[in-house]
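Engineer: Once you have looked at the hints, place chain B on chain A.
Protein chains in written order, with our numbering: chain A, 1 to 429; chain B, 1 to 296.
Hints were generated in silico from the structure; no laboratory data involved. All values derive from a computational prediction rather than experimental measurement.
Which chain A residues face chain B? A few, computed with CB under 10 Å, are given here: (1) Arg106; (2) Lys190; (3) Asn253; (4) Gln256; (5) Ala400; (6) Asn404; (7) Ser406; (8) Gln414.
Label pairs and their calculated CB-CB ranges: (9) B:Thr113 to A:Asn428: 56 to 62 Å; (10) B:Leu81 to A:Gly47: 42 to 48 Å; (11) A:Ser165 to B:Leu73: 49 to 55 Å; (12) A:Asn253 to B:Leu92: 30 to 36 Å.
Even for Gly, the Cβ is constructed at its ideal location relative to N, Cα and C.
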Amino acid sequence: MLGWTRLSLTAAAALALTVVGCSHGDSGNGSSGGTTTLTFVNAQDPGTFDKVIAAFQKANPTIKIKLQTVPFDDLNSTVQSRLGGKDTDIDLYDVDEPRLVAFAARGFLEPLDDLRQQATGKVDENALRTVTYENKPYAMPRWTSTQLLYYNKALLAKAKVPAPSSNPTAPITWEQLTAEAKKAQGAGAKNGLIFDQVDRYYQLEPLPVSLGGSPGLTGPGILLPDITSAPWTQAFTWYQSIFAQGIAPRGVNPEQTPALFAGGTTAFFAGGPWNAAAFDKDKSVDYGVAPFPRFAQGKAATSTGSWATGISPFSKHKDAAKKFLAYMTVDATGATQTTSNNIPVQKDAFQTYLNALADKSATYGQMAAIIKYALANTSVSRPMSIGYVDFESMMNKAFADIRNGSPAPERLKQASSELDRALIKYRNR
Amino acid sequence: MTTRSAAKRRRWGDLPVALTFLLPAALAAALLRLWPMLRALWDSLRSTPLGVEPTHWVGLDQFSRLLSDPQFLNSLKITVLFGIVVNPLQILVSLALATLFNERIRGAGLMRTLVFLPVAIPQSVSAVIWAVAFRPDGPINGLLQRLGIAPQGFLTSPNQALPSIVLVVSWIGVGYWMMFLIAGLKEIDPVLYEAAALDGAGRWARFRHVTVPQLSRQITFVLVADTISNLLVFAPVNILTNGGPNGRTDLIMNDVFDRAYNQADIGAAAAGTVIVVVIALAIVLVQFRLISRGSD
Numbered sequence: 001m002l003g004w005t006r007l008s009l010t011a012a013a014a015l016a017l018t019v020v021g022c023s024h025g026d027s028g029n030g031s032s033g034g035t036t037t038l039t040f041v042n043a044q045d046p047g048t049f050d051k052v053i054a055a056f057q058k059a060n061p062t063i064k065i066k067l068q069t070v071p072f073d074d075l076n077s078t079v080q081s082r083l084g085g086k087d088t089d090i091d092l093y094d095v096d097e098p099r100l101v102a103f104a105a106r107g108f109l110e111p112l113d114d115l116r117q118q119a120t121g122k123v124d125e126n127a128l129r130t131v132t133y134e135n136k137p138y139a140m141p142r143w144t145s146t147q148l149l150y151y152n153k154a155l156l157a158k159a160k161v162p163a164p165s166s167n168p169t170a171p172i173t174w175e176q177l178t179a180e181a182k183k184a185q186g187a188g189a190k191n192g193l194i195f196d197q198v199d200r201y202y203q204l205e206p207l208p209v210s211l212g213g214s215p216g217l218t219g220p221g222i223l224l225p226d227i228t229s230a231p232w233t234q235a236f237t238w239y240q241s242i243f244a245q246g247i248a249p250r251g252v253n254p255e256q257t258p259a260l261f262a263g264g265t266t267a268f269f270a271g272g273p274w275n276a277a278a279f280d281k282d283k284s285v286d287y288g289v290a291p292f293p294r295f296a297q298g299k300a301a302t303s304t305g306s307w308a309t310g311i312s313p314f315s316k317h318k319d320a321a322k323k324f325l326a327y328m329t330v331d332a333t334g335a336t337q338t339t340s341n342n343i344p345v346q347k348d349a350f351q352t353y354l355n356a357l358a359d360k361s362a363t364y365g366q367m368a369a370i371i372k373y374a375l376a377n378t379s380v381s382r383p384m385s386i387g388y389v390d391f392e393s394m395m396n397k398a399f400a401d402i403r404n405g406s407p408a409p410e411r412l413k414q415a416s417s418e419l420d421r422a423l424i425k426y427r428n429r
Numbered sequence: 001m002t003t004r005s006a007a008k009r010r011r012w013g014d015l016p017v018a019l020t021f022l023l024p025a026a027l028a029a030a031l032l033r034l035w036p037m038l039r040a041l042w043d044s045l046r047s048t049p050l051g052v053e054p055t056h057w058v059g060l061d062q063f064s065r066l067l068s069d070p071q072f073l074n075s076l077k078i079t080v081l082f083g084i085v086v087n088p089l090q091i092l093v094s095l096a097l098a099t100l101f102n103e104r105i106r107g108a109g110l111m112r113t114l115v116f117l118p119v120a121i122p123q124s125v126s127a128v129i130w131a132v133a134f135r136p137d138g139p140i141n142g143l144l145q146r147l148g149i150a151p152q153g154f155l156t157s158p159n160q161a162l163p164s165i166v167l168v169v170s171w172i173g174v175g176y177w178m179m180f181l182i183a184g185l186k187e188i189d190p191v192l193y194e195a196a197a198l199d200g201a202g203r204w205a206r207f208r209h210v211t212v213p214q215l216s217r218q219i220t221f222v223l224v225a226d227t228i229s230n231l232l233v234f235a236p237v238n239i240l241t242n243g244g245p246n247g248r249t250d251l252i253m254n255d256v257f258d259r260a261y262n263q264a265d266i267g268a269a270a271a272g273t274v275i276v277v278v279i280a281l282a283i284v285l286v287q288f289r290l291i292s293r294g295s296d
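The shape of chain A in the complex, shown without the other chains (with noise of 0.2 Å):
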């Protein structure tokens, strides 16, 4: 008898402990007290959410924001294993949007046909179709984005190189350009030219689309990979050598490369518009812009796309989701607020946007005619496949292995196979 005591009081000790211990891990996730808490899950730089958030919470006192930032690397894994557990504690994330079919078809976003008709009129409609998948929309996309050449003027002038155009319609080659680099590093500066997102396919993907190449996947479904035709090869055989020459630095990573530039070390910098804003900041760079370079047998082109956002559909919290959602995407103040250092594409606020850009500088006037040609002219979206987010990192492996000295026509080979083999899980559904 007085063991099953002992044993009963013991039970309810070791009961007592779980409860204690289940309520420590609770995340503060959900509703208490009338409030509900949204979680957010994202990859963007601290602050780009403060203004809207703190503008949100101040109409609904009720809803709260709460911001999980994961580095951009591991946002997509993240999301992944999370949803793949159906974790109800993700409300809202990030969706990068060549993603959104995969995470869709996945049935990891839930439809959002009511704020895509609010969005009607509003909003972009190229970036509204870069949402929609089977006919449903399943994000609602914030900015689009586009690329630039940012040059030191300092080095350039050093080098007596003349700076390369800022006519949005004038591009100068990559043949020139990695000429030009080689004549400032021999002038003392440390590198040619450095690409922002080093080794990803957002950023070089025009390569082989300015020398007439597929984006990488064609066929039905796209599912086909096409990446070992003669613009690819040419390409990335291109990108190999900048490395092999020194031109380009290897070994750094893209969370490393904006600081390379605004140390002032760096000739020539292939990035967004989003980097001038940390450029400013150092103040140790003077700099000009100018359009990202072409091939010189080739055409324009430049990567577009940008982040959007979702709802889960294991959230417990829809309804507030949908309307914090609104107003950061559709209203044209909140896609203002959110704008951050990205182009929105929500009408008013990409006007906004432009206007404020042109007003700040000679510079920046430019920038804003260099985007404003960019996105209406040269843009080459990412291929909208359910195989993307296997190809995308594939192909990142491949381009870091090339940097690394890889030649790029073997490589390419290996990856088309990889990825053939990859890809047919999909091809046989």
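Structural biologist: Relative to the frame of chain A, chain B by itself:
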């Protein structure tokens, strides 16, 4: 009879309490070890194209597909090569350091702490620190250049990337395994050394004929645990090289992670995990045999 039954009652009377105390551990073992293992085995025999649709039975096809995938075979090859180099290296260095720091020399305690310190740093943090050190324009190359040696590629070179990972993993592992060996050295009866010295045994002979045999159980334990832990290396590879350049550092756990979270191929990832478990079990079996032979 009465005394016997009272003794029996006393003996079994504590059982419920004992079971209650055992319950959390048993639950943890079932939930955190047994369940994931069974789940991996189940998942490895099934497939779903997108990772979330209802799965269907594919059976051993999953394994034959995986074992004919050059990428997976490469990661198996790299893992074996890594194991052959890293395990003996870590054990030899740990043993050398343990023997050195067990001597009564000035500063041994401080040195022991310094060697053990990397264990307290999370693997991911160590990897980030090493990423900076290994950069082509990083401090290691800076030092080499001062010594008149040409800068090295380290993580960017297909021939140096795996040795660089061996260095990072050993920087963390050596201090950890050294502590087990020091504990073993402390248990050796000093009389044995005195007797050997009286018999005219020198330092090396004493190490070979006293230290090594007396330490054999600890060495075998370290061998088993180190081999398994090196089979499961993931964070440094994922952070430093992501398996590159050219798959030269694509250790098996990185390949499994890639299949699960980049390619969303849970079935293949689970099959990869099952293969890792089989390899680990085989190693443990062989090494346990060594332990029992050593203790005979």
